[in-house]
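Asker: Below are the chains, spelled out letter by letter.
Protein chains: 2
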Amino acid sequence: MLDRFAAVVGSAHVVTGDRIGPDYHHDEALVGTPVAPRYLARPATAEETAELLAVAAAARVPVTARGAGTGLSGACRPAENGLVISFERMAAVLDIDVDNQVAVVQPGVTLAELDAATSPHGLMYTVFPGELSASIGGTVGTNAGGMRAVRYGVTRHNVLGLQAAMPSGQLVRTGGKLTKMSTGYDLTQLIIGSEGTLALATEITVRLYPRPAHSATLMAVFTDLPAVMRAVPEVLRTGVAPTILEYLDTTTMEAISRAQDLELGIAPEVRAAAEAYLVIGLDNRERAPLDTGIGLLGELLDTLGALDTYVLEGNSARLLIEAREKAFWSAKASGADEILDVVVPRAVMPEFFDGATALARAVDAHLVGCGHAGDGNVHMAVYCRDDHTRESLLHRVFALAIELGGAISGEHGLGRIKTAHFTALADPVALALMHGIKQAFDPAGILNPGVVLDGKVLG
Amino acid sequence: MLDRFAAVVGSAHVVTGDRIGPDYHHDEALVGTPVAPRYLARPATAEETAELLAVAAAARVPVTARGAGTGLSGACRPAENGLVISFERMAAVLDIDVDNQVAVVQPGVTLAELDAATSPHGLMYTVFPGELSASIGGTVGTNAGGMRAVRYGVTRHNVLGLQAAMPSGQLVRTGGKLTKMSTGYDLTQLIIGSEGTLALATEITVRLYPRPAHSATLMAVFTDLPAVMRAVPEVLRTGVAPTILEYLDTTTMEAISRAQDLELGIAPEVRAAAEAYLVIGLDNRERAPLDTGIGLLGELLDTLGALDTYVLEGNSARLLIEAREKAFWSAKASGADEILDVVVPRAVMPEFFDGATALARAVDAHLVGCGHAGDGNVHMAVYCRDDHTRESLLHRVFALAIELGGAISGEHGLGRIKTAHFTALADPVALALMHGIKQAFDPAGILNPGVVLDGKVLG
Chain A
6 MLDRFAAVVG SAHVVTGDRI GPDYHHDEAL VGTPVAPRYL ARPATAEETA
56 ELLAVAAAAR VPVTARGAGT GLSGACRPAE NGLVISFERM AAVLDIDVDN
106 QVAVVQPGVT LAELDAATSP HGLMYTVFPG ELSASIGGTV GTNAGGMRAV
156 RYGVTRHNVL GLQAAMPSGQ LVRTGGKLTK MSTGYDLTQL IIGSEGTLAL
206 ATEITVRLYP RPAHSATLMA VFTDLPAVMR AVPEVLRTGV APTILEYLDT
256 TTMEAISRAQ DLELGIAPEV RAAAEAYLVI GLDNRERAPL DTGIGLLGEL
306 LDTLGALDTY VLEGNSARLL IEAREKAFWS AKASGADEIL DVVVPRAVMP
356 EFFDGATALA RAVDAHLVGC GHAGDGNVHM AVYCRDDHTR ESLLHRVFAL
406 AIELGGAISG EHGLGRIKTA HFTALADPVA LALMHGIKQA FDPAGILNPG
456 VVLDGKVLG
Chain B
6 MLDRFAAVVG SAHVVTGDRI GPDYHHDEAL VGTPVAPRYL ARPATAEETA
56 ELLAVAAAAR VPVTARGAGT GLSGACRPAE NGLVISFERM AAVLDIDVDN
106 QVAVVQPGVT LAELDAATSP HGLMYTVFPG ELSASIGGTV GTNAGGMRAV
156 RYGVTRHNVL GLQAAMPSGQ LVRTGGKLTK MSTGYDLTQL IIGSEGTLAL
206 ATEITVRLYP RPAHSATLMA VFTDLPAVMR AVPEVLRTGV APTILEYLDT
256 TTMEAISRAQ DLELGIAPEV RAAAEAYLVI GLDNRERAPL DTGIGLLGEL
306 LDTLGALDTY VLEGNSARLL IEAREKAFWS AKASGADEIL DVVVPRAVMP
356 EFFDGATALA RAVDAHLVGC GHAGDGNVHM AVYCRDDHTR ESLLHRVFAL
406 AIELGGAISG EHGLGRIKTA HFTALADPVA LALMHGIKQA FDPAGILNPG
456 VVLDGKVLG
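Protein sequence lines correspond, in order, to chains A and B. All residue numbers for the first sequence refer to the numbering used here, where the first residue is 6 and numbers rise by one. All residue numbers for the second sequence refer to the numbering used here, where the first residue is 6 and numbers rise by one.
Hints are computed from structural coordinates only; laboratory data are not their basis. Each hint should be verified, as a subset may be incorrect.
Have a look at the derived ranges for each label pair, beta carbon to beta carbon [stated by the list, open to error]: (1) Gly127/A - Asp459/B: 43 to 49 Å; (2) Ala437/A - Ala63/B: 15 to 21 Å; (3) Asp459/B - Gly300/A: 56 to 62 Å; (4) Thr394/B - Gly441/A: 37 to 43 Å.
Think of the CB as a built atom: it goes at the ideal place given N, C-alpha and C, for glycine as much as any other residue.
With the rest of the complex left out, here is chain A (with noise of 0.2 Å):
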């Protein structure tokens, strides 16, 4: 195989065995064993690509397509024996088209690379999840979301068009640098969040919009938390459309705080009876709507039981907001087992809250977490050490989302780590249809086998 790939690749950017670094085992999940795969391979083009997975296809060898790594719940750890495909070397911005407001990148390109090279043109992708060192290929895998996904949407919604690789060896163009089309199957939007198990992006076109030059952060505190869940629905309605609107629990943000040295300037008393926060992005191209927004919203977070209300100034703001993206890490040093993903109807998280929160108790297990209070997802970072124990209580955790008319995953996707419990969770019916979308697409079953589909259940 090694030789068929080189003759793929060139032998200079196909290795195996311990020539594989340890690095390609894993991505970021805090669950499950690295695994080393077989064999990996870095594609110079998109035809490489294509090429490679016909390679494959033809001798059933699994393949795991790897971004940056970054990923939350093992969508690219390698299956034993397989083939992973780094797109490190395609990691080139093709096209930053000002006129059309879009950005065509190959896989490999960063956040932090695509945000760069807009920035200069008054211009900006506004998927920002925690991770800016994601690649735009990795958060097309999971459908990657983040703090600004209530103003701007989604990978999904800012995704325009692909280019992607087929087990069959063919590549197919689907969008393009176009906002609205009907014509036919939406092949874009059936990509986008498939974890790379029904085809690989070689290249994307995503949407741009232009840089606001204003912004403001308000930042509230609430003796609870359920409080700070019930007060998301009345700022939303005032039509202040937030940039950002997450809350966090006082242990979150006595973590963060600790972590990142974040001084914000909260009275002690008001920091003593906190047990919730609420944290309120704007931003807009003209400063005075900024204000009126600000002025109408510390009003509103009054009447609705705030302690205090504070709006942050530049550098305390960016901090905030900066350590608000790096919970994960502060979690992951706090000893966190899991950090769950759960989305729910936004009205509902009180409700979810306080289940989840029996259902942990029930096992002496431990919630604590912030999260994306605009869209109702719910990243909570689980204490529960025994595996089996932890396995069962995500499991009921997830059935309560669902029962509540939410979904296992908001923003990380499926991956190794939740597969099982999506499977047997899910409604028969949608299963059917995914087994035969997967069908049509990747029939030899070689792409990232056991993710999305197919998983055993653990709990």
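Following the hints, complete the assembly by docking chain B onto the known chain A.
Answerer: For chain B alone, coordinates are given in the frame of chain A:
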């Protein structure tokens, strides 16, 4: 068959032969001949819809879903010997959920009815195609757009979840009251825009936004159409995100003004020199940013060569937008033989326009029109009586659009009218995937055969 369908919906709700009124033989497409279906059934529930499909699938009876019949591509023109499923009895607004800012509706609810139901709550469904008597189910089928898509996106950006009936007789649920999720393949997005060929939506969850309190409308007059199109990227670059960004050529403006008795107070010497108009709608929860936006855009349009720019006040603004919504009817009244719906990257609209005009001139055909300039969605009325000449012209215009990075349809869908052009011009790899998807949903091929896939080439 009649008895079998009657066993599902009751004999009062299924008819055959001459008892099927002529309205059920067609939609509003200008091309093609009405077709009388063999059966018409009106289910009352999702379960009845699914059972009808199972009965039809067992007997290999083709099924065409019908909402309000306002489509423009013949997607609900029935198959001979087929069954039409009309959703007129499934027309209830099931839920206006203010806290989650979503509505749940049955497919037969019209856009006008949903607008009336959301208005008292200060919310709105933002998809406004010209025809508000369209059913929500129909707009899901075609992925309808309309004038406000430049700000709020098209149907696929505003439908969060579906319940849909399958030819297997099963119901499937996709998505939910969730603005984001990364939990398996996105079946919601796949069904949207599939024109009744994959599954029939029996319940639709849509996203609502707060109704902005203030709006303003600008109209700029230009001496040539490419100048208007070149102004579009400049307007969007300002960051003043318009709700509406439309162009009209002078023929269209004269026609809609006459049809709607519109008097916009344009000075006679300006009107005499006018060849094209740009209409910009803004909305906001506050008045002040609107005024700033109007001022800024007015100055910009001056520098871009506008002869004159008018700020239209309340009533005349409303009348202009309404007249623009009725442009299809004005074109039809003026004897147009077809209305195109091509979409291209917005910055290449001038090139597309020049190329299409040259192709038309070569066969003595005539193109006039208007369009959603912000989205690159060009609606051209085609005046070309001879069917063969016209289809051949359209084929070359579609090919030109695709060559420029565009697609055949921006929002009307392919229907019976344009499917043949699509299957002839589309990427064969993409087409093969679409056939595989079709197979997963509808193995017997009963759902709207000849639409999206398998059309004959007319051009």
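Asker: The hint says 56 to 62 Å between aspartate 459/B and glycine 300/A; measuring C-beta to C-beta, is that right?
Answerer: 59 Å, holds
Asker: Look at the Cβ atoms of glycine 127/A and aspartate 459/B and judge whether their distance stays inside 43 to 49 Å.
Answerer: 46 Å, holds
Asker: Starting from the range 37 to 43 Å, see whether the pair threonine 394/B and glycine 441/A falls in it by beta-carbon distance.
Answerer: 42 Å Cβ-Cβ, so the 37 to 43 Å window holds.
Asker: Can you let me know if the beta-carbon spacing of alanine 437/A and alanine 63/B is within 15 to 21 Å?
Answerer: Roughly 19 Å apart at Cβ, these two residues keep to the hinted range, so it holds.
Violated hints for the displayed structure: none, as all numbered hints are satisfied.
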